[in-house]
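Chain B is already provided as a structure; the job is to place chain W on it using the hints.
Protein chains: 2
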Amino acid sequence: MLQVWLLVDLDSDTSVPVFQVCEWHSPEQLKKLLDLELRDRGEPESEILQRCRDAIRYSVKTSHPRFFNQLYAGMEPYSMVASFIAEAVKTNLYTYEVAPVFTLMEDAVLRKMIKVIGWEEGGDGIFNPGGSLSNIYAVNLARYRYCPDFKEVGMFSAPRLVILTSQEVTQACIFTDKLLLNLFQCHYSISKGAALMGIGTKNVYTVPTDERGRMIPSALEEKIKLAKSEGAVPFMVNATAGTTVLGAFDPIDEIADICEKHNLWLHVDACWGGAAIMSKKHKHLLKGIHRVDSVAWNPHKMLMASLQCSAFLVRDKTSLLQRCHSARASYLFQQDKFYDVSYDTGDKSVQCSRKPDAFKFWLMWKALGSRELEQRVDRALAMARSVWANRNYQLSFTPEFANVCFWYLPPSLRNLPESPELWKKLHTVAPVVKQRMMKTGSMMTGYQPLGEKANFFRMVVISPQVSRQDLDFVLDEIHNLGKDL
Amino acid sequence: MLQVWLLVDLDSDTSVPVFQVCEWHSPEQLKKLLDLELRDRGEPESEILQRCRDAIRYSVKTSHPRFFNQLYAGMEPYSMVASFIAEAVKTNLYTYEVAPVFTLMEDAVLRKMIKVIGWEEGGDGIFNPGGSLSNIYAVNLARYRYCPDFKEVGMFSAPRLVILTSQEVTQACIFTDKLLLNLFQCHYSISKGAALMGIGTKNVYTVPTDERGRMIPSALEEKIKLAKSEGAVPFMVNATAGTTVLGAFDPIDEIADICEKHNLWLHVDACWGGAAIMSKKHKHLLKGIHRVDSVAWNPHKMLMASLQCSAFLVRDKTSLLQRCHSARASYLFQQDKFYDVSYDTGDKSVQCSRKPDAFKFWLMWKALGSRELEQRVDRALAMARSVWANRNYQLSFTPEFANVCFWYLPPSLRNLPESPELWKKLHTVAPVVKQRMMKTGSMMTGYQPLGEKANFFRMVVISPQVSRQDLDFVLDEIHNLGKDL
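Line by line, the protein sequences are chains B and W. Everything in the first sequence is counted per my numbering, starting at 128 for the first residue and increasing by one. Everything in the second sequence is counted per my numbering, starting at 128 for the first residue and increasing by one.
Wrong hints could be hidden among the right ones.
Copies of one chain are not kept apart here, so a pair can be met inside one copy or by any two copies together.
With a cut-off of at most 35 Å between alpha-carbon atoms, the simulated DSBU-like pairs for lysine-lysine come out as follows [to be verified]: (1) 580 with 551; (2) 566 with 239; (3) 610 with 566; (4) 552 with 610; (5) 444 with 242; (6) 239 with 414; (7) 329 with 444; (8) 355 with 329; (9) 352 with 329; (10) 388 with 329; (11) 158 with 444; (12) 610 with 158; (13) 464 with 329; (14) 352 with 388.
To be clear, the hints were calculated from the coordinates, so they are not data collected in a lab.
Bound-form chain B, shown alone (with noise of 0.2 Å):
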């Protein structure tokens, strides 16, 4: 097996213990120990190297087991390696011709993608710097299929046009004094995008979900009369199959059938949770998920791809995904060449160069097949709903992927009765913890007030490095560290 600890490792000339996630320092001190500034002159190779050294010390090391912070984690060794050799040959999948090798490994990455999502008659598809921009790409698409006039002349006659999706992280935070009035959904790239895309945010309606963070498809169906009723024209729905903060899945089946009678593009995000698909027992959480119109979903997360690995997928086979981004740049994609120009993929992006993050899936995939990365989901999925038997902690819901929601109790909170003064106590809670986190270096793991719930923690498990006792350690951690509030 390859060597996975070697950023811990390079540190073993300092004095920093192996196994701190990070060692905290402020911006200001952690300017002066790197010493930024860039001058006129070099400086020599011993200095160079010190230079990396200290890179790798003060930075969080998201591959440790009791880092839990994030949607990602770990490192998987055979795609790290991948990543170096993408580096080191340093090229753009613009052509076949510049890129020959990475072309095919994309298409080849797609197509299985394509497969394990049930999509029989094929699809297209690309990889993406990030899931965010795989969203985009889906409200672009469905954009186009409504009017692809809108790409020449732009949407200055429109009719206003009206996204719908969940709407789980509401910002209407009622617990501190900076009262924070947008209310954002699922995931914040449709909004970043519908303003990006001249559509507006106001034009993205959010549709209620139940407690669980799920959308609820009769107020989607409500939701889309409404906009309809206005003399607005709904033309995409983003579901959610994993969100950001409660992993929740909104239920696809049901909301296919109103795409489909509505004739609305159905897009879901499943940049979290697509890893589920790869899972016999899981992949009902994504039951619908063959009827859908595109798909993003991201191999860096849950399946430990190296940052970026993102693919967006789409079941149309008209080419829709090049008519609607080619601009066909005669310098680049000659029609004269002397091979099948269909393999030249860089104008089905709006991006010029674009990195080859599909072979850092493709070689991660061939290593350790289908039935490796079915048994990591199901164990991380197993490690996730295992330990929540706790009396410091109280589960703010019930795990159903792998987000792990939990307020921690101080004693002093623990025997109170629920009120108003309690949350907004509790409320507090987390960020102090955090902070002593941070400074203590042994874990991490986030936290976020959620619509009108308090701050709480959401640690994700992810990585098949972490074992019980990491489990473990957190709970009791977050009780060393937040035992006196």
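Frame of chain B; chain W shown alone:
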């Protein structure tokens, strides 16, 4: 000095000659050689190692000194080391908390680039996955400055907006049967951006250029007046510093006068030509850049940082970038953190995951110093301008930058009088030579038509590893490959 020949050395146990730029196979042949299928069972390590070797072997060696095909070539080894570290550390640049080192390094590099540009009061910026996105950011910021309300309400009741850019790559190619009627601008990213952003490609007005591909300022003013007379709203001008094909530099100072007069956002796409600003001798090419509103500059091009390394820089000091792109997701950008959250730069981006590309430039700048960077630019430009007295060739354009554009005249065409017939014959030469070149693998350089000009070669001289011998080799080799035509 670090070893840059890594890629070739890794191939040493194969039969590939060390100095081949590529080993050409058709897509169908290469598919068989690579065995791309992903299966249920994984493969043993020895097999995977062979797959890594094959990926390298059949990839194009873009760091080979005879690779002149793209606006990138060669690899700065310090930058490659940085990219390996960044891959291994595996983190995203959204918050200081999870990327403390890279956040500060990005800040330091951006500040330094802003200083070099000459924005004395500072500015703002961000690294993006490629220059196309930087150009798209410029359009978005310009639009946001014109009307911040579009972010929320979209452009549905907006007046028709118009972007102005120079017209270089016109694709009305008269030499092939495929008459492509689209007109394209400097770099197609402005068109792609206009399509994505709901502005529409037809609302990108192209400004005529002089014989060297530079925007004509008086023509710009006429186009602005034309747009206004049509009732449209011109809101930004995209000037290009180093066009893709010709390496032309628009006259920024004169364009800035016009933009000030009409209150238009002035963006400079200096993705390719930005490196000239490092050189006292050549920075006059960008005269006036201290007056513009935003700049896109890719150190992965002439400065040879690893792919991708693309900076977007804004002169604004009022958080325009943040205000234009922010969504303030509560799970990531908590306001009750214990450190200065202005270091959480993720909300300046439309991405969520974003790679620490700045580190690749920071480390090499630290190692080489500004002076060595300057010398490299000077050397590449001197080299590009040095060679072209050879009776087999005719320069299409005197090089203004590192793009050397030329026709190869086979002996059969050399003494013919100039006529449409001659140009038509000449148009077919480059594709045949290119095909033979790829199959030989001895070198790589690109070709394209331009406007009514027949297909010509574009050779891009970047790497300090390129010698006079390499350039001579190119001339001899093209002649060898095409003398029978």
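message: Output the indices of the hints that this structure fails to meet, ascending.
response: none
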